[in-house]
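Required output: the full structure, derived from the provided sequences and hints.
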Amino acid sequence: MKTIIIKNITIIIIIFIQIISAHEREMMMQVVDNNGNPIVLTVELYELDNLFEPYRSGRSESYWKWVSPSSANVAADHGGDLIPDPTFPLVEPGNYRLRIDNKYTLLTINTEYNGDGDYIIKFQNNQFSIVMNNRGVSISETNDWDIPITVKNFVNSSETGRIQVNGVDIQTNTEIYLKTTTSHDFYAPDVYTGSDFRNWNNIIQNNIYQRLTHNNTLSDDMAYEIISSHHEPTHPLTVHNYLEGGSGGIINIAWLPNGSQVKDDDISSGEFYNAFDATDLPDRYNVSINQTILGQYGTNWEFQYWDDGSTSLTRSNIAVSEPTTLKAYYKGVDKTDAANALTNNNQSKIIRIGTSSTRTLFKVYESMDCVWLEKSTNNGVSWELMNDGKPHQHFL
Numbered sequence: 034m035k036t037i038i039i040k041n042i043t044i045i046i047i048i049f050i051q052i053i054s055a056h057e058r059e060m061m062m063q064v065v066d067n068n069g070n071p072i073v074l075t076v077e078l079y080e081l082d083n084l085f086e087p088y089r090s091g092r093s094e095s096y097w098k099w100v101s102p103s104s105a106n107v108a109a110d111h112g113g114d115l116i117p118d119p120t121f122p123l124v125e126p127g128n129y130r131l132r133i134d135n136k137y138t139l140l141t142i143n144t145e146y147n148g149d150g151d152y153i154i155k156f157q158n159n160q161f162s163i164v165m166n167n168r169g170v171s172i173s174e175t176n177d178w179d180i181p182i183t184v185k186n187f188v189n190s191s192e193t194g195r196i197q198v199n200g201v202d203i204q205t206n207t208e209i210y211l212k213t214t215t216s217h218d219f220y221a222p223d224v225y226t227g228s229d230f231r232n233w234n235n236i237i238q239n240n241i242y243q244r245l246t247h248n249n250t251l252s253d254d255m256a257y258e259i260i261s262s263h264h265e266p267t268h269p270l271t272v273h274n275y276l277e278g279g280s281g282g283i284i285n286i287a288w289l290p291n292g293s294q295v296k297d298d299d300i301s302s303g304e305f306y307n308a309f310d311a312t313d314l315p316d317r318y319n320v321s322i323n324q325t326i327l328g329q330y331g332t333n334w335e336f337q338y339w340d341d342g343s344t345s346l347t348r349s350n351i352a353v354s355e356p357t358t359l360k361a362y363y364k365g366v367d368k369t370d371a372a373n374a375l376t377n378n379n380q381s382k383i384i385r386i387g388t389s390s391t392r393t394l395f396k397v398y399e400s401m402d403c404v405w406l407e408k409s410t411n412n413g414v415s416w417e418l419m420n421d422g423k424p425h426q427h428f429l
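For the sequence shown, the working numbering begins at 34 and goes up steadily by one.
You may find that some hints are simply not true.
Said to hold, decoys possible - When the alpha-carbon atoms are kept at most 27 Å apart in a straight line, the in silico DSS-like pairs for lysine-lysine are as follows:
hint	residue 1	residue 2
1	K155	K136
2	K408	K423
3	K296	K185
4	K360	K423
5	K155	K212
6	K396	K423
7	K136	K212
8	K360	K296
9	K185	K212
10	K408	K396
Unchecked claim - Here are the in silico distance ranges between beta carbons for each label pair:
hint	residue 1	residue 2	range
11	G127	D254	16 to 26 Å
12	P315	E86	32 to 42 Å
13	E174	E304	47 to 57 Å
In case anyone wonders, no lab produced these hints; they're calculated from the structure.
All values reported here derive from a predicted model rather than from experimental measurement.
All residues carry an ideal CB built from backbone N, CA and C; glycine is no exception.
Shown next as structure tokens:
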């Protein structure tokens, strides 16, 4: 608990409820410090089924004070008038939430009329309490103010499953109460075959495209809103770094759900990535590879071209509406995808140029339907691709 201090003065909030008939009651409220000096604050009364807007709202601007707080009939000093103006006129018997700042109590006003008498509800040290009670008015314990929110989980537009709120499992279409004074975490924990988590609705403030979103705050005007997680259909997007019959290296896939990149992931060659179906969604993907793949199958590999003939390291704006495979072709020194290209003398040739001291050798052979040239300056101990790592002739 903490006491509200204004200029080193402790605030005491006193609420005076006066019954004027069996069915109409007026609630009068005063906010004062412990010296009886008035403090201006807003006090709100809410019906239990409507926390979006107050049933009654008043402020402590009309000054009056208790003359004899221990007496059943408490007088009030309202200037020269001993009849104070009501803060809340004509409050019907029933159940309410009584709110001051970020605290509230459940207030019950009974329908029974038990004769003359007054009611005092005090708010001190962030707690509500009844000082006098002659007609059965009751209050609950004091709580932090919170608002109703409905949580939902959708898979392919069908409502099912659960989400987690602050680590607690909540089944879909459940109304919960969340505080406006603290932040909240929302998590979509479940994985569904053929679908993946895509986004939260726009009530979420942070990272709507992540399963776990932290530090979301709520405001009073969000009462009765829906917070929903959405899972959408996916297809496998597979990328192969083709190393003349082998596979290796890393591919980066960037996700653009609405024209802008929100995240990217690295996957291994041949591994599939869950890409959202582009039939009804605007999602696109950029797929990027490295120019050089180091140390695979005993050598380094240089990128040559994609299966669509393009030579850029990135293929952009890819829409996936069915299972999709992309292939990036790489060339390694002294490697071939042709079975007999290096072992059959009819398929490869080595030529020596220069004197025996220079020992420069040239090799020509077939791979990936192209003719390649390599050279060795140490009598064949090591080789390097010529023509800047590109084939001497494309596509035989």
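Okay, the hints, checked on the actual structure:
| no. | hint | result |
| --- | --- | --- |
| 1 | K155 with K136 | holds (13 Å) |
| 2 | K408 with K423 | holds (13 Å) |
| 3 | K296 with K185 | holds (24 Å) |
| 4 | K360 with K423 | holds (18 Å) |
| 5 | K155 with K212 | holds (23 Å) |
| 6 | K396 with K423 | holds (14 Å) |
| 7 | K136 with K212 | holds (10 Å) |
| 8 | K360 with K296 | holds (22 Å) |
| 9 | K185 with K212 | holds (18 Å) |
| 10 | K408 with K396 | holds (6 Å) |
| 11 | G127 with D254: 16 to 26 Å | holds (24 Å) |
| 12 | P315 with E86: 32 to 42 Å | holds (37 Å) |
| 13 | E174 with E304: 47 to 57 Å | holds (55 Å) |
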